[in-house]
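Chains as they are written, first to last, in the working numbering: chain A, 1 to 442; chain B, 443 to 884; chain C, 885 to 1028; chain D, 1029 to 1172.
Hints may be right or wrong, so weigh each one.
20 Å max Cα-Cα, derived DMTMM-like pairs, lysine to aspartate or glutamate [unchecked claim]:
{"hint": "1", "chain 1": "C", "residue 1": "K888", "chain 2": "D", "residue 2": "D1146"}
{"hint": "2", "chain 1": "D", "residue 1": "K1040", "chain 2": "C", "residue 2": "E895"}
{"hint": "3", "chain 1": "C", "residue 1": "K896", "chain 2": "D", "residue 2": "D1146"}
Far from chain A, some chain D residues (derived; all Cβ distances over 10 Å) [unchecked claim]:
{"hint": "4", "residue": "L1046"}
{"hint": "5", "residue": "L1101"}
{"hint": "6", "residue": "G1103"}
{"hint": "7", "residue": "T1104"}
{"hint": "8", "residue": "R1107"}
{"hint": "9", "residue": "D1112"}
{"hint": "10", "residue": "G1120"}
{"hint": "11", "residue": "A1134"}
{"hint": "12", "residue": "D1146"}
{"hint": "13", "residue": "D1155"}
{"hint": "14", "residue": "E1161"}
{"hint": "15", "residue": "A1164"}
Source of the hints: derived by calculation from the structure; they are not laboratory data. By construction, the Cβ of each residue, glycine as well, lies at the ideal position given by its N, Cα and C atoms.
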Amino acid sequence: MIQSLLVANRGEIALRVIRTCREMGIRTVVAHSVADRDSLPVRSADASVCIGPAPARDSYLNIRNLVTAGVLCGCDAVHPGVGFLSENAAFAREVRDAGLIFIGPDPDVIELLGDKIRAKRSAMDLGIPVIPGSAGPVGNVKEALDAAGSLGYPLIVKAAAGGGGKGMRIVRSDRELSDVLAVASQEAMKAFADGTVYLEKYLENPRHVEIQIVADRKGNVVHLGERDCTVQQNHQKLIEESPSIVVTPELRSRMGEDAVRLLRVLGYTGAGTVEFLVDEGRHYFMEVNARVQVEHPVSEAVTGIDIIRQQILAASDEAMEFRQEDVMLGGYAVECRINARSAGRVTRFESPGGFGVRMDTFLYAGYFVPPWYDHLVAKLICVGRTRPEGLRRMERALGELTIEGIDTNTAMQRKIVAHPRFRKGVYGTSLLGDLLKEGALS
Amino acid sequence: MIQSLLVANRGEIALRVIRTCREMGIRTVVAHSVADRDSLPVRSADASVCIGPAPARDSYLNIRNLVTAGVLCGCDAVHPGVGFLSENAAFAREVRDAGLIFIGPDPDVIELLGDKIRAKRSAMDLGIPVIPGSAGPVGNVKEALDAAGSLGYPLIVKAAAGGGGKGMRIVRSDRELSDVLAVASQEAMKAFADGTVYLEKYLENPRHVEIQIVADRKGNVVHLGERDCTVQQNHQKLIEESPSIVVTPELRSRMGEDAVRLLRVLGYTGAGTVEFLVDEGRHYFMEVNARVQVEHPVSEAVTGIDIIRQQILAASDEAMEFRQEDVMLGGYAVECRINARSAGRVTRFESPGGFGVRMDTFLYAGYFVPPWYDHLVAKLICVGRTRPEGLRRMERALGELTIEGIDTNTAMQRKIVAHPRFRKGVYGTSLLGDLLKEGALS
Amino acid sequence: MELKDLYALMEKFEKSGLSELGYKKDGTEISLKKPSATPSYGPPAYPTAPETHPAPSEAPQAGSGTELIRAPLVGTFYRAPAPDAPPFAEKGDMIKKGKPICILEAMKLMNEFQAEFDLEIVEILVDDGKMVEFGAPLFEVRRI
Amino acid sequence: MELKDLYALMEKFEKSGLSELGYKKDGTEISLKKPSATPSYGPPAYPTAPETHPAPSEAPQAGSGTELIRAPLVGTFYRAPAPDAPPFAEKGDMIKKGKPICILEAMKLMNEFQAEFDLEIVEILVDDGKMVEFGAPLFEVRRI
């Protein structure tokens, strides 16, 4: 069993990992940049080590300093959190080569899943439905136009190494395709050091639904139901729910089984997410996130399972504490991401509380939110026996959340949660853009 | 359905009621004393009304002002919370006579259950096991000695109208009994304006286990499992758990059925608790608390049922939202009561968070804890799949709880939760006294 | 001015409701100041601002030479013994100690309140028939 | 006014709730002021105090005329190129720009660090073989 763990991340996910480690009796060392010296994770951990200056490329992305810190601080494992190096195969390899346990899947699996084209082919090989697209990368305009001819518009140009909307373009004609191909490729090259792009049929307004997987090293692969992450702003998730209002028990089984089959074949271990688009009752494989996700508490709420604990047990070669048939999906859970819109000192912070409310945050009164990193500052999770009950609770809890000194999206989240279209549940990924256009959120 | 509700209480229970009302779309008016003008419940409610000066007898116990406030503020219901007037039949009658709904059982039922001797007889009539004792009140020393002769020592002298340890005395000989009878009666008279006392066999070190009941006005009476409240200091509960480590599924059914039978026969409605002592695998009826209890969140955690909501639905003549067979007891929950040991200004307050943690408190940084009222300032509830998991989480969460400016029992709670004897689970109501004597908590 | 005079002044000033004091006489100059009420503690500002009831007891303040008569219970404020009767007191009236000045109705009981001393009604602070909470100012009066 | 009077006044003022005091008489001028009570922000004090690593970068501070050379990476600090070799630098040594002063080992790589200017070693702040975090002060030096 792991005795001492380096947390190679910051913010709420670092605190999240520290909390589970404390409950498991694991010593934590948190790696931090100069800007995060006074952060709550640093104060909460058993020890801390400064690994670089404020800019992430020199600290949280500094593989050499992170691995050295893990070794010299006497850790036997490294948790990469989310973002930063969490899906970086080279980092996972360096951690392993230094004799430490990387909390995540094997580097080769990370690498394969990081290539969106290879991941999609793996799914296709298993007969998992995928969105029709080019068979592989499109190297030039001619190849692209040929593929487009047989697929039909609208299409989406995607980066093979991508994520987060970078290198992504929607095109509706040969002309547009010819125009953006080079731009998308250059953007991909800049973001991921890999300019490979491919084409996919563009679904106009689908639901984004993903399956949470946990897998150990004894061959157990279990899914924890789905999360509906359809409410997105510029491909960034804002609100996540489980169960999804559009997923029937039959669809849940099909998606769950597809996700389990895929990750079993790939020899995946730890926590991972298989992302699908759902359109008119059908699901299409999109990609795999080879790490724990920001929205994992939603699945924890409906299953009662601590996903970070399962990651750590899997990495320790321990068997999972349950089987698929033990996983009971109960009630409804929803998460609102609270994002900062400005850096600055938090002058007042009051957390919501009471029945069915969970708060994950690294904020405290007096904390200075630095301008260097991701804008996520808190995750508010509410449960209910039903979706209406859970959403009423979320409205109530958002009303209690008080953050002063910095600007946040709390008011906008309240408006989304209260909006009749969101409440009714009939919408696709365009919901947020539509509401913004209508001025319904201002 | 109730539209507008007067909260005739303060502190965390007032906030608890306001939260559920907000989720149900019910307007809240909170009644407050002069001392509570700046309290979080007052700020959180839709409206507030000052009903008297700081001392509770002139404000929170002032029936005339409370009922008048409810009527004049346009409320159609009154929630009495816990303590204060929550088990006062006269208050319930005044509320009803003023044309408002009292959130609780009928005044006659409150009155019957307030008389511990009558309540015990009701249980005996149904064949529910009770602790052997005098058949009724003991009016003088001769009656008492006669009863003691057939019962045998040790015995406990109890006030018929009592609760909270007042008028209670343990006696181990005729001599002691003769000595304390008058004292106990006087104490009872002073505390409850009724000097009636009776005798019961004294169980040396039992478990305190209670059954949570919810009942509607359509004849549905359902139990939500048990709470183990064995960890007590001077008859004041400190830590509550569900399920109890000493309750087998068979015992749970027997206790649950006994509790349901009793409250069904009495025509009980709303939320109530049937308290038992458990000794060597057997349960003995003790009394009924005709109100919601401080520790109700423990049962909410293991059932997913909002008990305050059920109270309000029952009082509105709505049918319960579930049947006994729908109630699934899942996992484990524990509550630690955080009590202030001094009044004063809270200079820093940080709430614990993360998976499996619920916080109910009316504290905030800058709040002045007044010296006038009950010392309970926060309730920390943790869940886990098992007792060890839930207790590890509680230890972690207590470690995160930061309250500065006033003295609290947080450190003592951490020591209890961490103590091997508590962890092992083999103890009775004397646990806390024993640990204090040993110096294990200082 | 001697130091002991200064000490006495400091003490008086501290107990007063003043925040600053300046004094200058015959070459003596004194200035005193209290800390401004930092830090700005207080409960969180909830989006739903609580309604306030008629005449909350914070305001208004009594003027110089006057004092406030406050509601000793929660009830409905009546200025007259019956709907068609003239009010007990009008602005400017002189009321003898023991004479009724208003009624507070609570739980269908009409509670008559009398002047506790000879007084002049400077201002009537609540409208007839309105609810008052405990401590709400009813009249601004001047002792006579 | 004598000094002892001033002392007495200071004491009284300190104990008082005042924030400022000015006094002027016969050519004597006194002004007293307390620090403003800004809210004491800062992270919560967790019961488990975090361990600190050797030479946290807050302390020590460079003295007057000297400066600190800090660790540019996380690693193990070595004063000599090999266990049996003499140290690159001792306290009091004058080191020419470009000459090695220490090694930081990270991921089995020995990273040699050179003096960036001519300098005198005033103090060696880390023990040989100890771990240093990013920014940890290694040497206090004086430019020459």
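Handout entry: Pairwise hint evaluation, D1146(D) against K888(C), where the allowed Cα distance is 20 Å at most
Key = 65 Å, violated
Exercise for the section: Confirm or reject the statement that D1112(D) sits farther than 10 Å, beta carbon to beta carbon, from all of chain A. Expected result: At about 23 Å from chain A, D1112(D) clears the 10 Å cut-off, so the statement holds.
Exercise for the section: Take a quick look at whether K1040(D) and E895(C) sit within 20 Å of each other, Cα to Cα. Expected result: The given pair, whose Cα atoms are some 10 Å apart, holds under the 20 Å limit.
Handout entry: Exclusion check [D1146(D) not at the chain A interface, CB over 10 Å]
Key = Non-interface label on D1146(D) holds, nearest chain A Cβ at 27 Å vs cutoff 10 Å.
Problem - Consistency of the no-contact label for G1103(D), given chain A and a CB cut of 10 Å - result: Violated, because the least Cβ-Cβ distance between G1103(D) and chain A comes to about 5 Å, which does not exceed 10 Å.
Exercise for the section: Classify the label on A1134(D) as holds or violated, using whether its beta-carbon is more than 10 Å from each beta-carbon of chain A. Expected result: Non-interface label on A1134(D) violated, nearest chain A Cβ at 4 Å vs cutoff 10 Å.
Exercise for the section: Take a quick look at T1104(D) and tell me if its Cβ sits farther than 10 Å from every Cβ on chain A, holds or violated. Expected result: 6 Å, violated
Problem - Distance rule for A1164(D), whose beta carbon must clear each one in chain A by more than 10 Å - result: A1164(D) not clear of chain A: closest Cβ-Cβ about 8 Å, inside 10 Å.
Handout entry: Status of G1120(D), Cβ more than 10 Å from any chain A Cβ
Key = Fine: 29 Å to the nearest Cβ keeps G1120(D) off the interface.
Problem - Claimed clearance of chain A by R1107(D), with the beta carbon kept past 10 Å - result: Label holds. Min Cβ-Cβ 17 Å, cutoff 10 Å.
Practice task
Take a quick look at D1155(D) and tell me if its Cβ sits farther than 10 Å from every Cβ on chain A, holds or violated.
Solution key: Nearest chain A Cβ is 14 Å from D1155(D), so the label holds.
Exercise for the section: Please confirm whether E1161(D) is truly not at the interface, meaning its C-beta sits more than 10 Å away from all C-beta atoms of chain A. Expected result: Nearest chain A Cβ is 4 Å from E1161(D), so the label is violated.
Of the numbered hints stated above, those contradicted by the structure are hints 1, 3, 5, 6, 7, 11, 14, 15, listed in ascending order.
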